[in-house]
Structures are given as C-alpha cells and as structure tokens.
Amino acid sequence: DAKTTQPNSMESNEEEPVHLPCNHSTISGTDYIHWYRQLPSQGPEYVIHGLTSNVNNRMASLAIAEDRKSSTLILHRATLRDAAVYYCILRSVNSGYSTLTFGKGTMLLVSP
Amino acid sequence: DARVTQTPRHKVTEMGQEVTMRCQPILGHNTVFWYRQTMMQGLELLAYFRNRAPLDDSGMPKDRFSAEMPDATLATLKIQPSEPRDSAVYFCASGLGGTGSQGYTFGSGTRLTVV
Chain A
1 DAKTTQPNSM ESNEEEPVHL PCNHSTISGT DYIHWYRQLP SQGPEYVIHG LTSNVNNRMA
61 SLAIAEDRKS STLILHRATL RDAAVYYCIL RSVNSGYSTL TFGKGTMLLV SP
Chain B
113 DARVTQTPRH KVTEMGQEVT MRCQPILGHN TVFWYRQTMM QGLELLAYFR NRAPLDDSGM
173 PKDRFSAEMP DATLATLKIQ PSEPRDSAVY FCASGLGGTG SQGYTFGSGT RLTVV
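Chains as they are written, first to last, in this note's numbering: chain A, 1 to 112; chain B, 113 to 227.
Hints listed in this document are in silico derivations from the structure and should not be mistaken for laboratory results.
For each residue, glycine too, the CB sits at the ideal point set by N, CA and C.
Hints should not be assumed to be uniformly reliable.
[Unchecked claim] Among the chain B residues that face chain A by a calculated CB cut under 10 Å, a handful are: (1) 120; (2) 123; (3) 140; (4) 141; (5) 143; (6) 150; (7) 155; (8) 207; (9) 214; (10) 215; (11) 218; (12) 225.
[To be verified] With a Cα cut of at most 25 Å, we get these calculated SDA-like pairs of lysine to any residue: (13) A/69 <-> A/41; (14) A/104 <-> B/157; (15) B/190 <-> B/170; (16) A/104 <-> B/143; (17) A/104 <-> B/169; (18) B/174 <-> A/99; (19) B/123 <-> A/30; (20) A/104 <-> B/121; (21) B/190 <-> A/69; (22) A/104 <-> B/214; (23) B/174 <-> A/39; (24) A/3 <-> B/190; (25) A/3 <-> B/150; (26) A/3 <-> B/208; (27) B/123 <-> B/163; (28) A/104 <-> B/193; (29) B/190 <-> A/99; (30) B/123 <-> B/176; (31) A/104 <-> B/175.
[To be verified] Selected chain B positions facing chain A (in silico; Cβ < 7 Å): (32) 157; (33) 160; (34) 182; (35) 219; (36) 220.
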C-alpha cells in the first residue's frame, strides 16, 4: 500500500477552522484517500473519502491537491468533541483485497 | 445509525485461559475485519473476511489465535491460551468491501487484560 505522512499532533481553538494535512507522494491513480478519526476510548470512525475532486459531508471537507500527492481534511468549526486522532489512509479502487492500514495519525487537541 | 456490536466490552482473565470475543456486523455487510490496538503498535490488522470466508489472517499468531464467522451475523476471535502480551483493545469492523470507495464501520472494541 502507498504510504501517507501526517504531523504527529496539531492544536486548535474551539470554533476555529482546522486544516489537517496528509502527504501521499506515491499515490497511484486507483487509490482513494480515506480519513478516519478515533475519539478517546472509541473505535475508529469513518469521516470522509475522495478520489480526485474535493468532497464535503456533514462532518468535514476533503481538499485534494491537483496532483493528488497531498490532501487536507478541513473541520470548519472545531468543537471539543473533535479532539481525536485523525488517520489518512489510501485504499485502492481496483483491489479486491481492500483493508485499512493505519499509521500513527495526527492527534488533534482542541482548546476551549 | 446501524452499529457493529462487540461483546464483551471488557474482559479480565488469567494467563492460560481461553478468551472469546464476539462481533455482530451490520446487516448486509459482506466484509468483516478484526484489528488489535496497543500503545506500542497502534492499530494492527489481525483477520479479514469476505462473505464469511477468511481472506487474510496473516496478522494473527496462528498457534493461539483463531477467527471464524459461523454465520453472517456473528464473527468470533478466540485466544487459547491467552498471554499477558495479548492485553489490548480488539476492534471489529464491517463494510461493503471489494473497492476503495466505501467506508467501514467499527465497533466500540473489547478491552482485554490478561494477568
């Protein structure tokens, strides 16, 4: 699987936007970009995914660079409940074997 | 929202005892995973089922771990005999696999402590 690189941690203030970066310079044309998050004492939770175009859902937005070598998860207004570890993961669209390989992720700290 | 249900939520057992963890995937999902999470190793894939058939269990210690899906509504992960190094949180996840275009749903996990 192609590898992703994320900062170990980031800090934000409540009600401010948060931009969580992910580098995936070896991404292939058939890889989807997935984001999951894990709140304290809970299982990972699917957030959003995309292939080439930017995506929005009720939880977040995903901005994908034109060359697809990086992406940014955007939380428009951080809340204390958004404090979690955020994982950026690549999954092949063509693979019949399609698991999730988790890295260390980015720990997001949100201050009141 | 549909949920993946894992039981028990917590388990404390003595070394050498058998441990069985259960998972009820979301109805209609054809793909089930077992992951293990520790502070040192993070989230590791243990086993992967598609349509109840095991596709990959290379992440499991074969001599003591076994994973099965006796039917579409139940997945089990068994450790026999358990060891202190098995202490971890075990997560089950389900989804519609086959392509990279679907998200997976995780359960709340079973926290296992082997003393």
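Here's how the hints hold up against the structure:
| no. | hint | verdict |
| --- | --- | --- |
| 1 | 120 | violated, 15 Å |
| 2 | 123 | violated, 16 Å |
| 3 | 140 | violated, 16 Å |
| 4 | 141 | violated, 13 Å |
| 5 | 143 | holds, 8 Å |
| 6 | 150 | violated, 12 Å |
| 7 | 155 | holds, 4 Å |
| 8 | 207 | holds, 9 Å |
| 9 | 214 | holds, 8 Å |
| 10 | 215 | holds, 3 Å |
| 11 | 218 | holds, 3 Å |
| 12 | 225 | violated, 15 Å |
| 13 | A/69 <-> A/41 | violated, 32 Å |
| 14 | A/104 <-> B/157 | holds, 14 Å |
| 15 | B/190 <-> B/170 | holds, 15 Å |
| 16 | A/104 <-> B/143 | holds, 24 Å |
| 17 | A/104 <-> B/169 | holds, 22 Å |
| 18 | B/174 <-> A/99 | holds, 20 Å |
| 19 | B/123 <-> A/30 | violated, 41 Å |
| 20 | A/104 <-> B/121 | holds, 24 Å |
| 21 | B/190 <-> A/69 | violated, 40 Å |
| 22 | A/104 <-> B/214 | holds, 22 Å |
| 23 | B/174 <-> A/39 | violated, 31 Å |
| 24 | A/3 <-> B/190 | violated, 31 Å |
| 25 | A/3 <-> B/150 | holds, 21 Å |
| 26 | A/3 <-> B/208 | holds, 23 Å |
| 27 | B/123 <-> B/163 | violated, 28 Å |
| 28 | A/104 <-> B/193 | violated, 30 Å |
| 29 | B/190 <-> A/99 | holds, 21 Å |
| 30 | B/123 <-> B/176 | holds, 17 Å |
| 31 | A/104 <-> B/175 | violated, 28 Å |
| 32 | 157 | holds, 6 Å |
| 33 | 160 | holds, 6 Å |
| 34 | 182 | violated, 22 Å |
| 35 | 219 | holds, 6 Å |
| 36 | 220 | holds, 6 Å |
Consistency with the previously given hints fails for numbers 1, 2, 3, 4, 6, 12, 13, 19, 21, 23, 24, 27, 28, 31, 34, ordered from lowest to highest.
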